[in-house]
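Visitor: Chains as they are written, first to last, in the working numbering: chain D, 1 to 282; chain Y, 1001 to 1229.
Hints in this document: simulated from the structure, not taken from any laboratory.
Hints are supplied without guarantee of correctness; some may be wrong.
[Unchecked claim] Below, simulated BS3-like cross-link-like pairs (lysine-lysine); rule was C-alpha separation at most 25 Å, straight line:
#1 K109(D) to K176(D)
#2 K202(D) to K1006(Y)
#3 K109(D) to K82(D)
#4 K90(D) to K28(D)
#5 K1082(Y) to K3(D)
#6 K1006(Y) to K69(D)
#7 K82(D) to K1082(Y)
#8 K176(D) to K69(D)
#9 K118(D) to K162(D)
#10 K1228(Y) to K5(D)
#11 K28(D) to K109(D)
#12 K69(D) to K1073(Y)
#13 K69(D) to K90(D)
#14 K202(D) to K239(D)
#15 K1112(Y) to K82(D)
#16 K252(D) to K239(D)
#17 K109(D) to K69(D)
#18 K69(D) to K1082(Y)
#19 K121(D) to K1073(Y)
#20 K176(D) to K1082(Y)
#21 K120(D) to K1073(Y)
#22 K5(D) to K28(D)
#23 K1112(Y) to K69(D)
#24 K202(D) to K28(D)
#25 K82(D) to K69(D)
#26 K109(D) to K3(D)
#27 K90(D) to K1112(Y)
#28 K13(D) to K1228(Y)
#29 K118(D) to K173(D)
#30 K1006(Y) to K82(D)
#31 K162(D) to K121(D)
#32 K1228(Y) to K118(D)
#33 K1006(Y) to K3(D)
#34 K82(D) to K1228(Y)
#35 K69(D) to K113(D)
#36 K90(D) to K1082(Y)
#37 K1006(Y) to K90(D)
#38 K109(D) to K1006(Y)
#39 K1006(Y) to K113(D)
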Amino acid sequence: MIKLKNVSKHYGKSNAIDNISMNIDENKIYCLLGCNGAGKTTFLKMIAGHINPSAGEIEVNGNSVSTAKMPEDISFIDNRAKQFNTSLDKLVLMAARYDDRFDLEFALKMITKFHLNKDKKFGQLSFGMQIIFNTLLSLASNRQIVLLDEPLLGLDAIMRNKFYNLLNDSFEKNPKTIIISSHLIDEMTRSAGELLILDEGKLLFRSPISDIDEKAYSLIGTTEAVVPVLETLNVINVKTLGRHTTACVFDKHVPMADGISVQSVGLQEFFINLVGGDFDEE
Amino acid sequence: MKNRSKAIWAIAAANFRYLVPAYIVTGVFLLVGVYNLIASLTGLIDNNYVDIANYFYVFAVIAPIIIVSRNFKRVMYLNGSKHDFYFGCFLNYVIGAGSISLIDIIIFLIAKNTLGSTLVIWNLVDVFGWWEHGMVIAYVQQFSFLLLIEIFMHTLTSIQNRWYGWVMDIILAAILIVFIPISELRSLLVQFFNLIIFNQRISPQIFSCLFLSVLIYMLYLPILQRKKI
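Chain D with its partners taken away, still in its complex shape:
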């Protein structure tokens, strides 16, 4: 569905995206993780044809993507997008007139569900509410591919819960490919099927979320016991403190020798280990 071939994007001397090649399948929810400045927004903008890659090629359903050929199968609304300053019901009506595929009924239902006052002007909404409105515009677009950039930014736990329900409702009603960039790693497992991790513009990791539950674990024990075991495993990160070693592993479980304890690793901990951060840092 989406193909990236050796895609790079440079801003001056800095590489926002560095030689990424990958395929993205249809009808799946992807969670795009990465630290600030990892290249998530650039990645999404290039797929949507909002900006051109500096090198490489992007295809959506076999058609090349660029600013001149923005794919009509994709909806991407920047989370900081400013809409016309009119009431929300007028905005969704305008969106429906711009594209017949737009699901007006779904959009109006979601406006009610999120307690957005449809008579309120866009400019009168809080930042969080503006993000929610932009997100529901994308989800109601009924396009095959929906790209959401930090849709959970500024939302409290209750609103985030509603967002996940909105996402699941939308996906059940019309299965589509959704790529969501987020910092709320553990929460995203509720909806996402596959995880993409970007770091310094590179695709660092890709895996179904279910595999992470199965394969991500940490080994804790004395250095003499742990280090030999690691030789045959896919090790993500190793930390040694005195005579003790803790290793984060992404691999099949193997029988462990005495003196090594195995602990499951949450998605957040796995992500931090992967991108090289120190989990104990203050």
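Once you have looked at the hints, place chain Y on chain D.
Guide: Frame of chain D; chain Y shown alone:
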């Protein structure tokens, strides 16, 4: 499938609706025009009256700037397409030029019939010599010229964030600075304005404006296609 014509009309409607700064500035100019009229009638100033209708030209200059710099992204953020925006804007400019020209002619006609005996009325339709050709021809001549102004402003605004936009600004400034003092070059400039404005022959004036409008708008297409969001 998308209903293209519905989307194009919807974008044109939104563009007209969300032009508040252009409406405000034009309104201020119209108020100045009303003051000018009252002052002329009451003898506060001499009897030269700059027709209010002229101030609608301000709208033709400002509206494209707002459409490009503000409305474009907003249309895109409602999942509008560049293709529909391109044709929607063209519709805006055709309707805009047609409406402004009509309003101008009507106001000028009213002013001539009611104030013509007491005031000297200055209207661009008259100044440019179009009125001599009759009301209908004057309408078409003014429409063509306004369409050219709108499309020129639209395209010029669109390239302002690109290097060739700055080059174009420099070229335009250079034309004004260099061409005006040098008589040979100045005559070229005069010939150009004679062609698109002060032309005594009707058809070349109309067709040169329409031709340039279409040409400039065709040049705008690749600019729009390259435009980042």
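Visitor: Now tell me, hint by hint, if it's right for this structure.
Guide: Now the hints, each set against the structure:
no., hint, in the structure
1, K109(D) to K176(D), "holds, 19 Å"
2, K202(D) to K1006(Y), "violated, 42 Å"
3, K109(D) to K82(D), "holds, 22 Å"
4, K90(D) to K28(D), "violated, 31 Å"
5, K1082(Y) to K3(D), "holds, 23 Å"
6, K1006(Y) to K69(D), "holds, 21 Å"
7, K82(D) to K1082(Y), "holds, 18 Å"
8, K176(D) to K69(D), "holds, 21 Å"
9, K118(D) to K162(D), "holds, 18 Å"
10, K1228(Y) to K5(D), "holds, 21 Å"
11, K28(D) to K109(D), "holds, 23 Å"
12, K69(D) to K1073(Y), "holds, 17 Å"
13, K69(D) to K90(D), "violated, 28 Å"
14, K202(D) to K239(D), "holds, 24 Å"
15, K1112(Y) to K82(D), "violated, 46 Å"
16, K252(D) to K239(D), "holds, 20 Å"
17, K109(D) to K69(D), "violated, 32 Å"
18, K69(D) to K1082(Y), "holds, 9 Å"
19, K121(D) to K1073(Y), "holds, 18 Å"
20, K176(D) to K1082(Y), "holds, 23 Å"
21, K120(D) to K1073(Y), "holds, 21 Å"
22, K5(D) to K28(D), "holds, 20 Å"
23, K1112(Y) to K69(D), "violated, 53 Å"
24, K202(D) to K28(D), "holds, 21 Å"
25, K82(D) to K69(D), "holds, 23 Å"
26, K109(D) to K3(D), "violated, 34 Å"
27, K90(D) to K1112(Y), "violated, 43 Å"
28, K13(D) to K1228(Y), "holds, 20 Å"
29, K118(D) to K173(D), "holds, 23 Å"
30, K1006(Y) to K82(D), "holds, 23 Å"
31, K162(D) to K121(D), "holds, 22 Å"
32, K1228(Y) to K118(D), "violated, 30 Å"
33, K1006(Y) to K3(D), "violated, 32 Å"
34, K82(D) to K1228(Y), "holds, 16 Å"
35, K69(D) to K113(D), "violated, 35 Å"
36, K90(D) to K1082(Y), "holds, 21 Å"
37, K1006(Y) to K90(D), "holds, 16 Å"
38, K109(D) to K1006(Y), "holds, 24 Å"
39, K1006(Y) to K113(D), "violated, 29 Å"
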